[in-house]
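Engineer: Take the given structure of chain A and dock chain B to it, following the hints.
As they're listed, the protein sequences go chains A and B. So the first sequence is numbered by numbering that gives the first Met the number 0: it starts at 0 and just counts up by one. So the second sequence is numbered by numbering that gives the first Met the number 0: it starts at 0 and just counts up by one.
Warning: the hint list may mix true and false statements.
Each computed DSS-like pair below joins lysine-lysine, with the alpha-carbon atoms no more than 25 angstroms apart [said to hold, decoys possible]:
id, chain 1, residue 1, chain 2, residue 2
1, A, K876, B, K508
2, B, K722, A, K838
3, A, K521, B, K631
4, A, K691, B, K508
5, B, K508, A, K631
6, A, K508, B, K722
7, A, K244, B, K806
8, B, K244, A, K806
9, B, K508, B, K838
10, B, K806, A, K838
11, A, K771, B, K838
12, B, K688, B, K722
13, B, K838, A, K722
14, A, K838, B, K771
15, B, K771, A, K244
16, A, K244, B, K886
17, B, K244, A, K876
18, B, K806, A, K869
19, A, K876, B, K869
20, A, K869, B, K883
21, B, K244, A, K771
22, A, K510, B, K631
23, A, K886, B, K521
24, A, K883, B, K886
25, A, K869, B, K869
26, A, K285, A, K371
27, B, K691, A, K508
28, A, K631, B, K522
29, A, K521, A, K542
30, B, K876, A, K722
31, B, K508, B, K542
Okay, the calculated bits of chain B under chain A, using three or more residues with CB under 8 angstroms as the criterion [to be verified]:
id, stretch
32, 321-333
33, 750-762
34, 852-858
Treat the hints as calculated values from the structure; they're not laboratory data. Computed from a prediction, not measured in an experiment: that's the story for all the values here. Positions of the beta carbon are idealized from the N, C-alpha and C atoms, including for glycine.
Number of protein chains: 2
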Amino acid sequence: MMKTQVLTNTTGTETEINPFRVYHFGKVQNDGNASMRNLLGGKGANLAEMSSIGIPVPPGFTIPTSMCTHYNDNQQQLADALMIEVDEAITLMEQQTATEFGSLENPLLVSVRSGARVSMPGMMDTVLNLGLTDIAVIGLANKTNNARMAYDSYRRFIVMYSEVVKGMDAEAFEELIDAAKSKAGVSEDTGLSVEDLKELCLELKKLYTELSGDEFPQDPKIQLRSAIEAVFDSWNTERAVLYRKIQNIPASWGTAVNVQAMVFGNKGASSATGVAFTRNPSTGDKTYFGEYLINAQGEDVVAGVRTPLPISKESAAQKCLDGQSMEETMPKTYVELTDVFEKLEKHYADMQDVEFTVEEEKLYILQTRNGKRSGFAQVRMAVEMVEEGLVDEKTALARIEPSSIEQMLSPIFNLEDKANAASEMVGKGLNAGPGAASGVLALTSAKAIEYKQLGVPCVLVRNDTSPADFGGMMAAEGVLTVRGGATSHAAVVARQFGKPCVCGLAALKVKESTGEISIGDKKIKEGDAISLDGSTGEVFFCKIETSASEVIQGIIDGVIDPNESEICKQYQTIMTWADKYRRLKIRTNADTSRDLKIALSLGAEGVGLTRVEHMFGSDDKLLLLRQVMLAKDEQIKTLALSNIEHFLKEDFTALFQTLNGRPATVRLLDPPMHEFMPHGDADTAKTAKALKITDAELRASLGDMEEHNPMLGFRGCRLGILKPELTRVQVRAILEAALELNSAYIPCKPEIMVPIIMHENELIHQRTLIDKVAQDLFAELGQKVSYSVGTMIELPRAALQADEIAKHADFFSFGTNDLTQTTLGISRDDANHFLPTYKNGVSDPLTGTGNFEVYPDDPFQTLDQSGVGKLVQLGVKGGRSTSKDLKIGICGEHGGDPASIDFFHRNGLDYVSCSPFRVPVARLSAALSAIRAEEVE
Amino acid sequence: MMKTQVLTNTTGTETEINPFRVYHFGKVQNDGNASMRNLLGGKGANLAEMSSIGIPVPPGFTIPTSMCTHYNDNQQQLADALMIEVDEAITLMEQQTATEFGSLENPLLVSVRSGARVSMPGMMDTVLNLGLTDIAVIGLANKTNNARMAYDSYRRFIVMYSEVVKGMDAEAFEELIDAAKSKAGVSEDTGLSVEDLKELCLELKKLYTELSGDEFPQDPKIQLRSAIEAVFDSWNTERAVLYRKIQNIPASWGTAVNVQAMVFGNKGASSATGVAFTRNPSTGDKTYFGEYLINAQGEDVVAGVRTPLPISKESAAQKCLDGQSMEETMPKTYVELTDVFEKLEKHYADMQDVEFTVEEEKLYILQTRNGKRSGFAQVRMAVEMVEEGLVDEKTALARIEPSSIEQMLSPIFNLEDKANAASEMVGKGLNAGPGAASGVLALTSAKAIEYKQLGVPCVLVRNDTSPADFGGMMAAEGVLTVRGGATSHAAVVARQFGKPCVCGLAALKVKESTGEISIGDKKIKEGDAISLDGSTGEVFFCKIETSASEVIQGIIDGVIDPNESEICKQYQTIMTWADKYRRLKIRTNADTSRDLKIALSLGAEGVGLTRVEHMFGSDDKLLLLRQVMLAKDEQIKTLALSNIEHFLKEDFTALFQTLNGRPATVRLLDPPMHEFMPHGDADTAKTAKALKITDAELRASLGDMEEHNPMLGFRGCRLGILKPELTRVQVRAILEAALELNSAYIPCKPEIMVPIIMHENELIHQRTLIDKVAQDLFAELGQKVSYSVGTMIELPRAALQADEIAKHADFFSFGTNDLTQTTLGISRDDANHFLPTYKNGVSDPLTGTGNFEVYPDDPFQTLDQSGVGKLVQLGVKGGRSTSKDLKIGICGEHGGDPASIDFFHRNGLDYVSCSPFRVPVARLSAALSAIRAEEVE
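Looking at chain A on its own, in the form it has when it is part of the complex (with noise of 0.2 angstroms):
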C-alpha cells in the first residue's frame, strides 16, 4: 500500500512528502519495521517490527518524523490531512480493542509518547491515560472494577496533561495536592480517599480554567490533538536545541509521535503484568528469568509496594513459592508468553528483556530488547548461541562487551558480602584498575611492606604514588588515591600489575602525622579494614571478602585445571574466536620479564613497550642516574655510566630470553626527572655524600633543574640529545643484550625507540647516534646484530610532521598519553581540578542546574577521535606518505580500550600495545572492531 502523498502548505505550493500520514502498529494494520527507524523513530520502528513477527502488541500507530518537519515549516500547523488520517486510526484502534474513546464502559485510553531518531533529553515524555474524561473515569472504574485507581490515574491526567501538553507551573497544582492532603488529614498520596480524589479532580479542573481560560477538555479528540501539537513543539525548546547544537543533530530530523492503545494487567484476578529475560542475565544459564504480579499496573513491580513473583516454576521452588510462580497461576497464558519468548530470541537471534501485560487472559508485550547480562553471562550466552546454531561465531563475538573479559579476570568481591557492606561505603573514586581488594589501612610504602611481610592483607592510601611508592603497591592488595586521574602514576603502575585501584577520590583526607583518613565524619586509622571495588571506583570502611578469579587460576597462577572450569573453557573459546577475526597485533607494556611471563600467557605477540626509566626502580639505581645527571667529579659519572651499562644488559636479556624471538621495542629514557631527584633531608644528604658534594651544592644544582611544568620540560630525547652518553649506555646494553642471545642461538631484533620528537632533527641526531655507537660496538665485539630504531609519536609536532620524521625512523608508536595532554592542553596528574565535572555535568547557563555535560569520556582513558584521532590519522598518513609500509603501533593507555583499539583498527595501525592484563581484552577489542569495519564494507 504505498502512494505519495500531497499536503498542501500554507504557501499554497503543494510539497511531496513520504507515502503515509500515519504508520499503524498491531496485528490488523501493521505498516513499519525495524529499519525504519529515521521515519518513525526508535520507539516507533520497534512497535512495529514485533506486531510484524506476530508479538502480540496493543495497537496503535505513529506519526512519522517527517510530519514534525512540516509542522515546523508550515507555522506550527497540523495538516487537516493528518489528523483526517489520525481519526481513521483511532477508529480502527476502537474497533481492535473493542473500546471507544469517551465511552462511559469501555473507555479507549492511549498512551502518547515522543520518539526521535534518538533519545534526546529536553523532549516531550510520555502522557498516560490519554482519553480520561469526567465520563470515561466512570468507565475505568467500571471496567477495572477499582474506583480509587479510576480517579487516581484521572487526578493525574489533568496534572499532566496541564504540565506537559499546556506546559503550565507545576506548582500550583502540587499546592491544591497538598491542600487536599491536609484537608484530609493524610500524609501521603495513597491516604487520599476515592472522594478525596474526586473532589481534588475538581479542583485541578477549576485552576486548568482559571489558567487557561478553557474548560479541561472533555473531548478526547482535542486531547489527543493538543498532545500531538506538544510532542511537536517540545522538538524546538531552548533545551531540545541546545542538546541538539552540543550532539550536532541536525534540527531537520524531526521527532515522530506514538499513540498507543493502553491495556490494563489491573483487571482482577486474570490480569497481570510482568518484566521477564529469555536466559538468566546473572549466570547466562538457558532458563527464563523474570516476575510478574497478578492484577496490578507496570509501575507496581517497578515500585515495590507489593513483592513480585517468580514466572517459572523452578525458580519459585527455590525460593519456596510453590504453587505461586505464573507457571502454575496462569498456565496457558505462560505458554504463550514462553512462545513469544522462543520467537523473540529467535527472531532478534539475541536474550530478550521482555516487558508484558495480561488484560483478562489477553497477553500482550509492551516492549522488547536485547537483555543486559554479566560479563560472565555475555561469555557464556556467546559461546552456548553458537553452541545451539543460534548466531555464527562473528555475531556472538559482537555481543560481548570487552570489559566482560576485564570482569572475568579481576578478583570478586562476594556479592552478597558487598550488598550487606553497602552502608559502609564512604565514596566513588575513579574505577581506575579493575578488580576488589580488602585489607588493612596502610598509609605508607614501608607500612605495605611491614604487613606483607607479617602476611597480613592492606590496602595502600596515598595522596597521590611516585616510583618511591612501587614496592608499597606491590606489597598491598589494592591502592587508593586522593588525587590523579585514569592514567595518573599509580593507575597505570596498578593495572600493569592486575592491582585493584580507585584514584581521584577527592573528598578523602590523609592525616600521615596521625594515621588516619577521613570522610566526611566517617575515619579510621592505620591497622582498620578498609575494601575498593576498583571496576566501580567504590570504597568501603570495612573488610569484604575477595578471592582470584577462576581465569587466573586457571590460566595464569595454574592452580586449577582450566579443562575442568567452565569459565576458563569459555575464555579460551572466545580468545580463539578472536584471534581468528582480529587483524591488528596484539603486544604488550612490559618492563621485567615477570610482567611479560603474565603477558604472554594471555595472548601477548610481543613487547610494544618497555620503558627504560622503569629499570631504575630501586634505590641504588636510582642513585646512579643522579649521579649522572648531577655529580661535578668526572670519574664518579663514568663510574655510574658503566654500572647502569651493566644492569640494564641484565634485564635487558631477561626480557629477550623470556621473549624467544618475539618482537621487542625498548624506549629510551623518559624519566619524569623531579620524580628522580632526591626529596627531603635525609634523602639529600645520601645523595650529596654519593655525588662527593655539599648538600648545598646538590640543593642549589636541584634547584636549577626545577621545572614550572615538568611534563614539558626536560625529557625524553632532550635528554638523549644534550647528554649522548646516557642514550650510548643504554643502546649498548640493548645491544650486548641480543648479542649473547644470538650466539645462544635465540633470535632477538630489538627495536630501539626515541621518545618526545618534535622535530625530525632530533631523530637525525638519536638514530645517528645510535647507528654509530652500534657500529663501535660491533667493531669492538667482532660480531653484529639487526636492529631498527623507530619513534614515539606524542607530540602534535611530531604529528603534524610524520612525513618528514619517518625519513628516519623504521617505526612509529603513537603516545597517546603526552599526545593528549598536549593536544587538550591538560595535564593528566591535575585533570581531577575540572575533567571530572566536565564529565558529570558543570552548571547550565541557562537553568543553574549541574547538568551541561562539557566532554562526555576521560580523554587519557579513551582516545579523543575528533582531537587526539585527527593527530593519529595525520601521523599514519605523513608516516605511510614517505614510507609506505612503516609499521605503526600504540603504547599509549588507549591501547587497552575498546573504543579507541576500534579507532585504530579503522585507522590502519599495525598494533596496540597494553598493559599485562588489558590483553585479552584488546584481542576481543580487535576482533570486534575487524567485525564491525567488515558488516560497514
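Structural biologist: Here is chain B on its own, set in the frame of chain A:
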C-alpha cells in the same frame, strides 16, 4: 655561443648535459650572470655578473654543478672532455694575466673554492696560492720582491693542500712546524726566517711523501686536478650529507668549482688592497666609506697588524691623516674605484660592500655584495634612494629589516661609551626586550621602587619575575633575569612597556640575602652600576650613558618637534609607505589606556588583546580574586565579585574611551592561578585574615589547588565554566562600560573573547552564559549595546576542530604562545634547559663537536611554521569552512615578529595584534609581506 655538450659516461651511454663544461668569467670571456645561480653556484654567478657589467674582476672560470653530478654518477671520474676545457681555460687566464703556471718569473697562482647554490658547512674551503711549486715559489719571491712572504705562502700551501685536498691528518704537519720553531728558538710563526721557512718546506714535502707514497706534486695542473676532485668529493662527506638531510637539500644539486687568478696587492708602492662601502653603513650618509693599505694583501687589512687608512680625503682629514688617503696617494686609481662604486650601486640599485686589490696600478674587484647597514642607515638610505630615483617605494621598503624600526624606538647607548666598557662585559643573555638600560643594581621590586622615588635610575635583576614584580619593573630602567626565555613574564611585560630586557643569563648567581650578584669571579652589590643592552643581550657591570631615541622623543613624548628631526621624518615616511602597501590590520595588546595611547600614536588600529588578569595588578585587586577563589563565606565572595565588577568597569571605560570607536577585543580571565595565590607566611596570613579563615585552612585550600603542570591546568574557560560567576562579572563590566560610552555618543562594540577553548561545548557554555548575562543586563538597564563573542585558538584540539568551534564564534584569535607550548611540548618557562642549546648547537653525534643545530630559531619568538603553522592553517581552513568571512587574528608574541607576520599574511589572517612598541615593526612587516606576495604572483 650555445652548444649542446655530450659526454660519454662509464656505462658507455651518452648523456646530454649543460652547454658548457666550464664557464669563464672576466673581461675577455664571460659566460654567466647572476641568474645562473643553480648552475654556477652563488659565488660563480656573482663573479660572472660583475664581469658582465665591465667591473675588473681577476679572470677565472667556474666548473658548473652539473659536472659534480656527472662526476658522482660516473664513479668519481672527471670527464676527459672537462679536463681539456680546464686546460684551455688556464691558458686563457695565463694570457690575460701575462703569467704562466709554474713560471720562474711570473707564476700563475689561483684560488680554488667550492660554491653550491646555498652556502653549506662540511664542504671544501678555499685553497689559496695553488700553482706554487719549488720553481714557482722563486717566481713569486721575484715578483713580489718578498722572499719571506713567498716561502711562507708555500709552506702554508703545502699544508693546506695535504690537509684539504688530500685529506691528510693536520697534526703531523703541525708537529713539524712546532719543531721548526723550537729549532729556531722562536715562539711565533712570524719569527721564522726565510731560511727556516725553506727548510720547513722541505720537511713538509718529505712528510707528504711519507704519508702518500708520492712526491709533492710539482705540476700545477696535477695540483688543480686534485683540487677539483677534492671539491666534488667534499659534496659527499658524512658531515655534508648529514647537513643536507637536515636542511632538505637534494644530493642531486651538486657543487660548482671556482678557479680564479690570484692578484697581489703587495707588489710594492703601486699596489694596495682594501674594503669600502658606497655609502656610510652607520649613518646612511651618501659618502664613500672604507679603508685600504698600500703594499699589502687582503688578510693584512683584517689581521690588524698594520692600521688601515681611510680611502677618502674627507675621512682622512677627520682623523688628521692628511695626505694619506687613497684619494691622495693613488688619485688615478681612486677615480677608477669610485667609478666602479657608482656603476655597482646603479647596477645593484643598492649600497655595495666592495673588496678590491690594486696590483701595480691595476684595479681588481674581488667581491661585491649588498652592504650591511645599521637600522638608522637602512631607513635613511631607503628614503634617500627613492628621492634619488634609484629605486621605487616598494623596493626601498623591501630593503629595510623590520628590526631597524625597533632600533629607532629603543633607548641607545653612546657607541663609544659602550666600546670603552667592553672589558666590563660579563655575559650575554637572551635579547628579550630591545634598548639600552643603565643604572644601579636592585634585587627586589621594593628596592627598585625605592630607587625610583629617590630619582636614581636602576636595573632590576631577578631569578625570574612574577606579577608581583610589576611595580619594580616599571620603576626600573631595564630588567635582567637568570631564568626564562623570550616569552617569559619578564620579557613579555618588558616589551609591552618598551623596557630593555635581557633574559636567561643562566651563569648569573643572585644572592638576595647578601644583596650580591656574581658571574664567574666578577661580583657587584646592590647600588653598584650595571648596564644591559636588550638589543644584543650584553650585560655590563658598569655604567654606560643612554638616551631615548629621537623617534620616541618626537612621536610619543612630544619633547621635540618631529618635523624638525630628520630621523622622525624618515620614520614617518617609511610608515606612510608601509600603510599604503599592507593588507593586514595592526592591532595592539594593551591592558591599560596608558599602553593604548602609546600604541595608537605608533599606529595601532585597535586592541586585539586586553588581558583581564593584567587588570588585577595591585594587592587589593589580587585579594578580591583570592576571595572569590578561596573564601568559604558566601558574603565575602559576593562582595568581592561586586567589587571586581566595579573596578573592571572603570578600567574598561577608560580603555574604550581611548579607543574611541576602534575595535576592542577583551579576553576573559586566564590567570596563571599559582602566580595569583599568596606566597610566603606574611602574604598567607594577610590573605587568611581577609578570607576570615585560619592560616591552616588557607594552606589546605592552596594545597588542593596546587598543580604539577599549571600550564596545562585549571585555567582559561575552565575557570569560567566552573566558576560562572567570574564570567558574569566580567561580561557585566564590559557591557556596562560600553553602554555608558554609547550614552555619551562614543561608539563601542566590544569583542568578548573566551580563552583556552578545547572543545566546542566549552564555547557553547560560555557563549550561552555571556548572552544570558547580556540579556539580563539589558533588561535591567533598559538599554542595549551590540557585542560579539569569539574565541582564542590556542590548543591543538581547537585548531583541529575549528569547523565545529566556528559554529559558535564570531571571530577567532590565534594564541600562538600557548599553541607553541602544546604543539612542541615545551614549557616556555622551562625551555632554557635545552632550547638555547638546540639553537646554538648540540654535540654532533659523529664528531662530538658542539655544532649540530637541532632547531634553528626560538619558536616563542618566530612562529614554528611547519608545526604550529600547520595548525594555524588547519584552524583558518576549518573556521572559514564554517563561516566564509570569519574574522581571524593573532595575538601571541608572534604578532610582532616579521617572519611570523609574513606567514599570517600569506595564510589570510585579517589582523595581527602585538605589544605597543612592536606596532611600527608590524606595520612595516605587513607591508613587506604584501610586497613579497605580489612578487611571487
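Engineer: If a hint holds in the structure, say so; if it does not, say that too.
Structural biologist: Taking the hints in turn, this is what the structure says about them:
1. A/K876 / B/K508: violated (49 angstroms)
2. B/K722 / A/K838: With Cα atoms ~16 angstroms apart, B/K722 and A/K838 stay inside 25 angstroms; holds.
3. A/K521 / B/K631: holds (22 angstroms)
4. A/K691 / B/K508: Judged against 25 angstroms, a Cα distance of about 22 angstroms means the pair holds.
5. B/K508 / A/K631: Holds, at about 18 angstroms.
6. A/K508 / B/K722: The hint holds at about 24 angstroms.
7. A/K244 / B/K806: Roughly 9 angstroms separates the two Cα atoms, so the pair holds.
8. B/K244 / A/K806: With a Cα-Cα distance of about 9 angstroms, the restraint between B/K244 and A/K806 holds, given a limit of 25 angstroms.
9. B/K508 / B/K838: holds (24 angstroms)
10. B/K806 / A/K838: holds (22 angstroms)
11. A/K771 / B/K838: Distance of about 23 angstroms is within 25 angstroms: holds.
12. B/K688 / B/K722: holds (23 angstroms)
13. B/K838 / A/K722: holds (16 angstroms)
14. A/K838 / B/K771: Status holds; Cα separation ~23 angstroms.
15. B/K771 / A/K244: holds (17 angstroms)
16. A/K244 / B/K886: holds (22 angstroms)
17. B/K244 / A/K876: holds (21 angstroms)
18. B/K806 / A/K869: Measuring from Cα to Cα gives roughly 19 angstroms; hence the hint holds.
19. A/K876 / B/K869: Given that 25 angstroms is the threshold and the Cα spacing comes to 15 angstroms, the pair holds.
20. A/K869 / B/K883: holds (23 angstroms)
21. B/K244 / A/K771: Holds: B/K244 and A/K771 sit about 17 angstroms apart, inside 25 angstroms.
22. A/K510 / B/K631: holds (22 angstroms)
23. A/K886 / B/K521: This hinted pair is violated, its Cα atoms lying about 56 angstroms apart.
24. A/K883 / B/K886: violated (39 angstroms)
25. A/K869 / B/K869: Roughly 13 angstroms separates the two Cα atoms, so the pair holds.
26. A/K285 / A/K371: holds (15 angstroms)
27. B/K691 / A/K508: This hinted pair holds, its Cα atoms lying about 22 angstroms apart.
28. A/K631 / B/K522: Judged against 25 angstroms, a Cα distance of about 23 angstroms means the pair holds.
29. A/K521 / A/K542: Given pair A/K521, A/K542 holds - Cα atoms ~15 angstroms apart, limit 25 angstroms.
30. B/K876 / A/K722: Violated - the C-alpha atoms of A/K722 and B/K876 are around 41 angstroms apart, more than 25 angstroms.
31. B/K508 / B/K542: With a Cα-Cα distance of about 20 angstroms, the restraint between B/K508 and B/K542 holds, given a limit of 25 angstroms.
32. 321-333: violated (count 0)
33. 750-762: holds (count 6)
34. 852-858: It holds, with 3 qualifying residues against the three required.
In summary, the numbered hints that this structure violates are 1, 23, 24, 30, 32.
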